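Chains A and B, in that order, are what the protein sequence lines are. Per this note's numbering, the first sequence starts with residue 1, numbered consecutively. Per this note's numbering, the second sequence starts with residue 72, numbered consecutively.
Rather than coming from a laboratory, the hints here were simulated on the basis of the structure.
Straight-line distance between alpha carbons at most 25 Å, and here's what the computed SDA-like set of lysine to any residue pairs gives:
#1 B:Lys90 <-> A:Ala25
#2 B:Lys354 <-> B:Gly379
#3 B:Lys90 <-> A:Ala20
Predicted, not measured: the structure shown is a model, and the values here were computed from it.
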Amino acid sequence: MSTPAGNQRPQFNWVRTSAACLRYAQRNTLVVASIVLLAISAVFYVKAEAHRAALNRAETNQTGDTPEGSE
Amino acid sequence: MIQILMQFFQRVHSHQIRKKLGVVLFFVAIFAYATTGFMYFELDANPELNWSDAAWWAVVTMTTVGYGDYFPTTDMGRLLVGLPTMLLGVSMLGYMLSLLASAILESKLKEQRGGATMNLDRHVIICHYNSEDSTLQLVLELRGDAMTANSPIVLIDDKLEELPESLRLQQVSFVRGNPAREATLEQASFRTCRHFLLQADEHDLENSDARNLTVALTVERLAPEVVTVVHCVNPDNTQFFERAGVDSVICPSTLSNQMMVQELQDPGMHSILAELTSNTHGKQFYVVKPPSELRTVGDLREYYHRQGAVLMGIRGATENEFLPDDARELSDAESAIVVGSGRPDT
Chain A
1 MSTPAGNQRP
11 QFNWVRTSAA
21 CLRYAQRNTL
31 VVASIVLLAI
41 SAVFYVKAEA
51 HRAALNRAET
61 NQTGDTPEGS
71 E
Chain B
72 MIQILMQFFQ
82 RVHSHQIRKK
92 LGVVLFFVAI
102 FAYATTGFMY
112 FELDANPELN
122 WSDAAWWAVV
132 TMTTVGYGDY
142 FPTTDMGRLL
152 VGLPTMLLGV
162 SMLGYMLSLL
172 ASAILESKLK
182 EQRGGATMNL
192 DRHVIICHYN
202 SEDSTLQLVL
212 ELRGDAMTAN
222 SPIVLIDDKL
232 EELPESLRLQ
242 QVSFVRGNPA
252 REATLEQASF
262 RTCRHFLLQA
272 DEHDLENSDA
282 RNLTVALTVE
292 RLAPEVVTVV
302 HCVNPDNTQF
312 FERAGVDSVI
322 CPSTLSNQMM
332 VQELQDPGMH
342 SILAELTSNT
352 HGKQFYVVKP
362 PSELRTVGDL
372 REYYHRQGAV
382 LMGIRGATEN
392 EFLPDDAREL
402 SDAESAIVVG
412 SGRPDT
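Let the sequences and hints guide you as you build the complete structure.
Okay, structure coming up:
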């Protein structure tokens, strides 16, 4: 973090933070890879759930059944 | 914020723990990726698929079992989910199993080399390892009596590199370190032990008494209820151990002189005494508390006779009385000196 003169708050330094993140990623490859995989899994989960809901809706519309819990 | 989190992780976890946690986290991440990816790509081809099926496929594939009840049928499912799951899953599982095996081996090795911390109760601690034979003999004597037959035994020594196999087979544990140091004694769980045997250090007989005195002082100061028995090399030093508060001091050098003369006058005396003081063969001497309802020596003699033992005498606080009269009355503080093939009931 650089500290400008006066009473201003220290400015966020993107370059130093990115470099620190890269150093961390180099040292902890498994952790970073896990975080990436878990992030992709979260996207897959949301999309799969949406897909499944769409399939259920399509099936309901096709058969003309009343969805459960609605009159 | 990111920097604070990074600093936190850098400080909290040691390298080894971080490595193991990383492996476990990566394994969980692969499992999550395989399950969600399979579900996402294969739902179109198999609309009946649910999350438990996807998780089942992930486990079956990662463990290389491959039942074949579920499998990816789409190109994307095969390429982006199936292939990485097969390659990464099996390698990570192998790596995790190797970590587990090495952790178990490491723990065993640490135990053998005296680095483990004991969590025992009512055990026997032996200080100093002089030789494998003498320590094994001591252990077998302890195992030969009902009082200590099943007690865990811990050996403390600062020179022994690794516990010999013969002692390991007798369920002896090992703590490596200087027994005069409190940290070493704590490692052997000395506060909860029942008996503490301080052998003479035969590798350094000149300084053995001085070293044992420091150990005895530490034990007696920190755990006075522990029964301590010390082997004193120089008879002149006996008084120091008594002042330190040890429960019993034995000085074999004084006994050896008496034994020499006795053996000269009554040949065979050494063999007789060796048998009577060993738990491993023949009959033994026992000093036991008699039942409180027995009030005379005659009653006591009859009581032990029924158990196949012979009453030899009565022991008070410090003095012994051999072959007492049957009419002699017993006091509560006195113990019976008995010869028998097993420890008599009390």
